[in-house]
Amino acid sequence: MKLTNFIAESRHSFYWPRLLALALLVGVLLLPLLAFDWVTKPGSQVLCPLRAVTAIPCPSCGLTRALAHLERGHWAEAVRFHPFAPLVFLLVLALVIMLIFELVTGRTVIGNPLKKRSDVYLVFAGLVVFQVVRTVIFFLDGGWAVFRHENLFARLLALVKMVFN
Amino acid sequence: MSEVTQDARRIPYFKNDPFIVLLLGFVTCGLYLIYWNIKMAEVVNAVVEKEVITPPVAIFSGCCFPVNLYFYYLVGQNLEVIGRKVGNPTLQDQSVLLIVLGFFAPMVSAMIVQGEINKLYS
Numbered sequence: 117m118k119l120t121n122f123i124a125e126s127r128h129s130f131y132w133p134r135l136l137a138l139a140l141l142v143g144v145l146l147l148p149l150l151a152f153d154w155v156t157k158p159g160s161q162v163l164c165p166l167r168a169v170t171a172i173p174c175p176s177c178g179l180t181r182a183l184a185h186l187e188r189g190h191w192a193e194a195v196r197f198h199p200f201a202p203l204v205f206l207l208v209l210a211l212v213i214m215l216i217f218e219l220v221t222g223r224t225v226i227g228n229p230l231k232k233r234s235d236v237y238l239v240f241a242g243l244v245v246f247q248v249v250r251t252v253i254f255f256l257d258g259g260w261a262v263f264r265h266e267n268l269f270a271r272l273l274a275l276v277k278m279v280f281n
Numbered sequence: 437m438s439e440v441t442q443d444a445r446r447i448p449y450f451k452n453d454p455f456i457v458l459l460l461g462f463v464t465c466g467l468y469l470i471y472w473n474i475k476m477a478e479v480v481n482a483v484v485e486k487e488v489i490t491p492p493v494a495i496f497s498g499c500c501f502p503v504n505l506y507f508y509y510l511v512g513q514n515l516e517v518i519g520r521k522v523g524n525p526t527l528q529d530q531s532v533l534l535i536v537l538g539f540f541a542p543m544v545s546a547m548i549v550q551g552e553i554n555k556l557y558s
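Going down the list, the sequences are from chains A and B. Residue numbering for the first sequence follows our numbering, beginning at 117 and increasing consecutively. Residue numbering for the second sequence follows our numbering, beginning at 437 and increasing consecutively.
Extracted from the complex, chain A is given alone in its bound form:
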């Protein structure tokens, strides 16, 4: 069966979407735990495409490093990298448990807590405030130098200068 057909057909399945969600969430918990050194090494590869281009952290930047520290019991470090790390960790853990329950029993227990449209935009507004505050702190904390030297255009310019010098 072609992969595209499998993806289309899986919309009628109870198990496949849940299995994929479970695999992704387990990955979220296990990757930072198993690859702690790689994740937390200073200057390691930037995985976020937005940060790779702009050098400015996106709303979830630092979450992998925060989870890595959290899972090793380094609470202060975890919160320093991302203040929502404990909340995200608990949320992911709860979702993993509920997904396993759904897969075993065949019953749906995970509901949609944001039924009202206004609730959705309230959460979005919260994320906007968080990102604005985070960006301001980033720039006040020496972020201008990081932005000037590490954004994609600055790096390309440096590369061009290196090639032609």
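Certain hints may be false.
[As the list claims (entries may be wrong)] Computed, partial: chain B to chain A, Cβ under 8 Å: (1) C465; (2) I470; (3) P491; (4) P492; (5) C499; (6) P502; (7) L505; (8) Q528; (9) D529; (10) M543.
[Stated by the list, open to error] Lysine-lysine pairs mimicking DSS-like chemistry, simulated, CA-CA at most 27 Å apart: (11) K555(B) with K475(B); (12) K231(A) with K475(B); (13) K555(B) with K521(B); (14) K486(B) with K118(A); (15) K486(B) with K521(B); (16) K451(B) with K486(B); (17) K555(B) with K486(B); (18) K451(B) with K555(B); (19) K232(A) with K451(B); (20) K451(B) with K157(A); (21) K475(B) with K232(A); (22) K486(B) with K231(A); (23) K475(B) with K118(A); (24) K521(B) with K475(B); (25) K521(B) with K451(B); (26) K451(B) with K475(B); (27) K475(B) with K486(B); (28) K451(B) with K231(A).
What the hints contain is simulated information worked out from the structure, not anything from laboratory work. Note that this is a predicted model, so its numbers are computed, not measured. Note that beta-carbon positions come from the ideal geometry of N, C-alpha and C, so glycine has one too.
Use these hints to put chain B onto chain A, whose structure you have.
Chain B in isolation, oriented as in the chain A frame:
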């Protein structure tokens, strides 16, 4: 009233230039992509006539890897239905591409989806 007119009234209007999606994604440090995911979930749910992408998945897929892979998987599942509406029967074949691009460059997946969704309003 024709079926097309009824569909047009039911589906939320969210037409954008795909390049603007990319640009605003970078300029707003990813915040626009979260908004884009929320709006696109509303459009996809309206097209499919079922809540396939819930708001929490849309919000978290806008900023958290690998939830965005799950978002594009859900979009990919329903590309056949979207393809029928936009008159592109081969759209389903792009589901793997969307997921792979969702892994490396989610903005490009967003641009592809936006390009197809724009056809709903033409």
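Evaluated hints:
The beta carbon of C465(B) comes within 5 Å of a beta carbon in chain A, closer than 8 Å, and the hint placing it at the interface holds. With its C-beta approaching chain A no nearer than about 6 Å, I470(B) sits inside the 8 Å limit, and its interface hint holds. Annotation: P491(B) was flagged as interfacial toward chain A, and the flag holds, the nearest CB pair being 4 Å apart, inside 8 Å. Residue-level restraint check for P492(B) holds (minimum Cβ-Cβ distance to chain A is 6 Å; threshold 8 Å).
Hint status for C499(B): holds, given a least beta-carbon distance of 4 Å to chain A, under 8 Å. At about 5 Å, the closest approach between the beta carbon of P502(B) and any beta carbon in chain A falls short of 8 Å, and the interface hint on this residue holds. Hint status for L505(B) relative to chain A: holds, with the closest Cβ pair at about 6 Å, below 8 Å. For Q528(B), the shortest C-beta to C-beta distance to chain A is roughly 6 Å, which falls under 8 Å, so the interface hint holds.
Given hint, D529(B) at the interface with chain A, holds; its Cβ is 5 Å from that chain's nearest Cβ, closer than 8 Å. Restraint check, M543(B) versus chain A: the minimum CB separation of about 7 Å is within 8 Å; hint holds. About 16 Å separates the Cα atoms of K555(B) and K475(B), which keeps this hinted pair within 27 Å; it holds. Note on K231(A) and K475(B): the hinted pairing holds, with a Cα-Cα distance of about 15 Å set against a maximum of 27 Å.
Between K555(B) and K521(B) the CA atoms are separated by roughly 9 Å; this keeps the pair inside 27 Å, and the hint holds. With a CA separation close to 25 Å, the supplied pair K486(B) and K118(A) stays within the 27 Å bound. Straight-line distance between C-alpha atoms of K486(B) and K521(B) comes to about 15 Å, which keeps the hinted pair within the 27 Å bound. Taking the CA atoms of K451(B) and K486(B), the gap is near 21 Å; set against the 27 Å cutoff, the hint holds.
The hinted pair formed by K555(B) and K486(B) meets the criterion: a straight-line CA distance of about 20 Å does not exceed 27 Å. Restraint check for K451(B) and K555(B): satisfied, since their Cα atoms lie roughly 9 Å apart, inside the 27 Å limit. For the proposed pair K232(A) and K451(B), the alpha carbon gap of about 23 Å is at most 27 Å, so the pair holds. Proposed proximity of K451(B) and K157(A) is contradicted: the alpha carbons are some 42 Å apart, above 27 Å.
The straight-line distance between the Cα atoms of K475(B) and K232(A) is roughly 14 Å, inside the 27 Å bound, and the hint therefore holds. Distance hint between K486(B) and K231(A) is fulfilled; the C-alpha atoms sit about 14 Å from each other, no more than 27 Å. The suggested pairing of K475(B) with K118(A) is violated, with an alpha-carbon distance near 30 Å, which exceeds 27 Å. Taking the CA atoms of K521(B) and K475(B), the gap is about 18 Å. The hint holds against a cut of 27 Å.
Note on K521(B) and K451(B): the hinted pairing holds, with a Cα-Cα distance of about 15 Å set against a maximum of 27 Å. Annotation: proposed proximity of K451(B) to K475(B) holds, straight-line Cα distance about 10 Å (limit 27 Å). Annotation: proposed proximity of K475(B) to K486(B) holds, straight-line Cα distance about 15 Å (limit 27 Å). Distance hint between K451(B) and K231(A) is fulfilled; the C-alpha atoms sit about 24 Å from each other, no more than 27 Å.
Hint check: violations occur at hints 20 and 23; the rest are consistent with the structure.
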